[in-house]
Structure formats: C-alpha cells, structure tokens
Amino acid sequence: MSTRSSSSSSSSGCSSNTIAWIGYGIAAVAAAAIGARFYLGRSSKFRSRVVGIIPARFASSRFEGKPLVHILGKPMIQRTWERAKLASSLDHIVVATDDEKIAECCRGFGADVIMTSVSCRNGQYLALI
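At position 23 of the sequence shown the residue is numbered 32 (the numbering used here), and the sequence of numbers has no breaks.
Calculated directly from the structure, the hints in this document are not laboratory data. Please note that a few of the clues may not be correct.
Computed cross-link-like contacts, PhoX-like style, restricted to lysine-lysine with a CA-CA straight-line distance of at most 25 Å [to be verified]:
id	residue 1	residue 2
1	94	75
2	110	83
3	75	110
4	83	94
Bear in mind the structure is a predicted one, so any value in this text is a computation, not a measurement.
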C-alpha cells in the first residue's frame, strides 16, 4: 500500500509539473504569434517590388525580328509578356528593347517599354541597363 501512495504522490507532482510546462508552452506560442504578427505587419509595408524585365532585340544574329514573329495570330513578344503577367511573384513587367518597331508593338498591347542602347551586345545587357 505504501507503494501506491508514493506513486500517487509522485504522479500528482509530475502532473502539476506537466501542467506548468503546458502553460509555459501556450504562453510561448502566444508570444511568438504576437511577435510574428507585429513583424509581418511591419515588413509588408517595406516589401520590395519585383520587376520582370523581358529583353527583346530586333537585330539578332540568328533570327532577325524574332520578337515580332506571329505565333497563332499574336507576336511572340506579346505571348511572352502575357505569360509573365501570370507570375504572381512579379509586381511589374517591362519590355526592354532597342528597336522602335518592337516598342510600338508592345505599347499596342499595353506593355510598358524601356528603350535601351543599340550598342548592347545581347538581351542580357538590355536587362542590365
């Protein structure tokens, strides 16, 4: 019988200890949730904008005028721009080109255009300017 009473007293001590740990755990989770809410609320105000830049050159060495080639009734650059607009991670899409024909085409379907230098060696340099 004495074994029972000692085990019941030790289990009741363990039980109050467990309740205390559960209480500490709940308090810690609540504090973390409040801190995360505060941090995320502030960080959304300072979120960086992500801009997608589509380089489009007319004078390509392999396929001159490629961005203006029609594919199923639309210029290739328009299809590229429309697919880029579907990306939820991009806040804004811009077409970077060195050719006025491409710029006119892009403005025609609503794209924002940045005119770049003709001296850019390839599309990667168009996006860096």
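- [ ] Could you tell me which of the hints above the structure violates, numbers in ascending order?
- [x] none
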